[in-house]
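K.L.:
Chain residues, written in single-letter form:
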Amino acid sequence: MRRTFLVLAGVFVASLALAQGDPRRSSYQDMGPALQKMQDDDSANPGMLFVQAGEEAWNAKAGSADKACADCHAAGSMKGVAARYPAFAKESGKPVDLEGRINLCRTEHQKAEALAAESKELLQLTAYVARQSKGEPIAPPDDERLDPLRAQGETLWKQRQGQLNLSCASCHDANAGKKLAGATIPQAHPTGYPIYRLEWQTLGSLKRRLRNCMIGMRVEPYAYDAPEYLALEAFLMKRAQGLIDDAPAVRP
Amino acid sequence: MANALIHAPKTAKRGEVIEIKALILHPMETGFRPGTNGRIIPRNIIERFSADWNGEEVFALKMSPAIAANPFVSFFVVADRSGTVKFRWSGDNDFLVEEQVAIAVE
Numbered sequence: 001m002r003r004t005f006l007v008l009a010g011v012f013v014a015s016l017a018l019a020q021g022d023p024r025r026s027s028y029q030d031m032g033p034a035l036q037k038m039q040d041d042d043s044a045n046p047g048m049l050f051v052q053a054g055e056e057a058w059n060a061k062a063g064s065a066d067k068a069c070a071d072c073h074a075a076g077s078m079k080g081v082a083a084r085y086p087a088f089a090k091e092s093g094k095p096v097d098l099e100g101r102i103n104l105c106r107t108e109h110q111k112a113e114a115l116a117a118e119s120k121e122l123l124q125l126t127a128y129v130a131r132q133s134k135g136e137p138i139a140p141p142d143d144e145r146l147d148p149l150r151a152q153g154e155t156l157w158k159q160r161q162g163q164l165n166l167s168c169a170s171c172h173d174a175n176a177g178k179k180l181a182g183a184t185i186p187q188a189h190p191t192g193y194p195i196y197r198l199e200w201q202t203l204g205s206l207k208r209r210l211r212n213c214m215i216g217m218r219v220e221p222y223a224y225d226a227p228e229y230l231a232l233e234a235f236l237m238k239r240a241q242g243l244i245d246d247a248p249a250v251r252p
Numbered sequence: 253m254a255n256a257l258i259h260a261p262k263t264a265k266r267g268e269v270i271e272i273k274a275l276i277l278h279p280m281e282t283g284f285r286p287g288t289n290g291r292i293i294p295r296n297i298i299e300r301f302s303a304d305w306n307g308e309e310v311f312a313l314k315m316s317p318a319i320a321a322n323p324f325v326s327f328f329v330v331a332d333r334s335g336t337v338k339f340r341w342s343g344d345n346d347f348l349v350e351e352q353v354a355i356a357v358e
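Read top to bottom, the protein sequences are chains A and B.
Taking our numbering, the leading residue of the first sequence gets 1, the next gets one more, and so forth.
Taking our numbering, the leading residue of the second sequence gets 253, the next gets one more, and so forth.
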């Protein structure tokens, strides 16, 4: 009897602690233990295949400047970088996401052609850079020039659109944690991009994930180079501030 | 194209049961799916995976179209000799990847 009471008291204290804590959940916490294990084990996480190839690309010379990424950036210097983007780029004076940053480096410093959105080469390099931020908290830059972008992203997030008249917030804010068919609706914190999504059977960027949602909402997806993605990404990263980066994540 | 990840212990005690894990990049196209043009995408799978320890086959696996892309294989062997383990994936369209790791057994 006394023991039951103690257990019950323990459960109560634990739930109280949860209620007082951060209500935000990374999608990692919404996955089953099998998928979590697959993600945590570097020998079973298929995203590591892309990280391995990305490391090769990082050390390979490219473009007419004949420079490799590794010629400018020291090994390990990318720690925490993926957790900071989108950010303002010195070269263009415009905000860029991590993929955009890699392409800026290619065109400005390596004098090479920009890599196509969602191409294997770009995903590999992004995965290699993002892997170095695994375990770091999401830390969007304290840069007021990004505020209008974040505000635009929030407007898009809350805007109802498409044939089903849904907004992103209708699912991921109002109904997160509940079920959509058999799947748990996540809070949509972009902590682990690029992700290895089992449904895709390959690695994909946050853009691809956003396009997936838009198709589900019966909205015509923005073009791959549309500024709306950047705005949404800037807003989402601010919303996920402090959550732990787990790239390259595995998601169902 | 060849892009494989192998995890095996570098050293093991004689008689110890060790786990070897192998992951490879491959689309494992089933041959049953229509593409965007409505035509069937031709089958492209890995048909066989094998591991040879100093030339002796210690593990082999026949793969089928039902196996997902980027197949991950994990198996256990008794470490009874030092040497090299050679891995071989072979399949459609003359797909052939060979990798090897050295394991020292004391």
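It is worth saying that the hints were derived from the structure and are not from the lab.
The beta-carbon is built from N, C-alpha and C at its ideal position, and this holds for glycine as well.
Hints are supplied without guarantee of correctness; some may be wrong.
To be verified - Partial chain A-side listing against chain B, Cβ under 8 Å, derived:
#1 SER43
#2 ALA44
#3 GLN52
#4 VAL81
#5 LEU166
#6 PRO186
Said to hold, decoys possible - Result set (BS3-like, lysine-lysine): computed pairs, CA atoms no more than 30 Å apart in a straight line:
#7 A:LYS120 - A:LYS94
#8 B:LYS265 - A:LYS120
#9 A:LYS94 - B:LYS273
#10 B:LYS338 - A:LYS79
#11 A:LYS111 - A:LYS94
#12 A:LYS134 - B:LYS273
#13 B:LYS338 - A:LYS37
#14 B:LYS265 - A:LYS134
#15 A:LYS90 - A:LYS79
What the hints assert, rightly or not - Now the in silico label distances, taken between C-beta atoms and shown as ranges:
#16 B:ASN255 - A:LYS61: 38 to 44 Å
#17 A:ARG24 - B:GLY307: 51 to 57 Å
#18 A:LYS90 - B:THR336: 47 to 53 Å
K.L.:
Take the hints in turn and mark each one as holding or not.
P.N.:
These are the hints, each one checked on the structure:
1. SER43: Because about 4 Å separates SER43 (chain A) from the closest Cβ in chain B, which is inside the 8 Å limit, the hint holds.
2. ALA44: Cβ of ALA44 (chain A) sits 6 Å from chain B, so the hint holds.
3. GLN52: holds, 6 Å
4. VAL81: violated, 24 Å
5. LEU166: Since the shortest Cβ distance to chain B is 26 Å, the answer is violated.
6. PRO186: Violated, because the Cβ-Cβ distance from PRO186 (chain A) to chain B comes to roughly 22 Å (cut-off 8 Å).
7. A:LYS120 - A:LYS94: holds, 25 Å
8. B:LYS265 - A:LYS120: violated, 41 Å
9. A:LYS94 - B:LYS273: violated, 44 Å
10. B:LYS338 - A:LYS79: violated, 35 Å
11. A:LYS111 - A:LYS94: Judged against 30 Å, a Cα distance of about 19 Å means the pair holds.
12. A:LYS134 - B:LYS273: With a Cα-Cα distance of about 22 Å, the restraint between LYS134 (chain A) and LYS273 (chain B) holds, given a limit of 30 Å.
13. B:LYS338 - A:LYS37: holds, 27 Å
14. B:LYS265 - A:LYS134: Roughly 33 Å separates the two Cα atoms, so the pair is violated.
15. A:LYS90 - A:LYS79: holds, 20 Å
16. B:ASN255 - A:LYS61: 38 to 44 Å: violated, 20 Å
17. A:ARG24 - B:GLY307: 51 to 57 Å: holds, 55 Å
18. A:LYS90 - B:THR336: 47 to 53 Å: holds, 50 Å
Hint check: violations occur at hints 4, 5, 6, 8, 9, 10, 14, 16; the rest are consistent with the structure.
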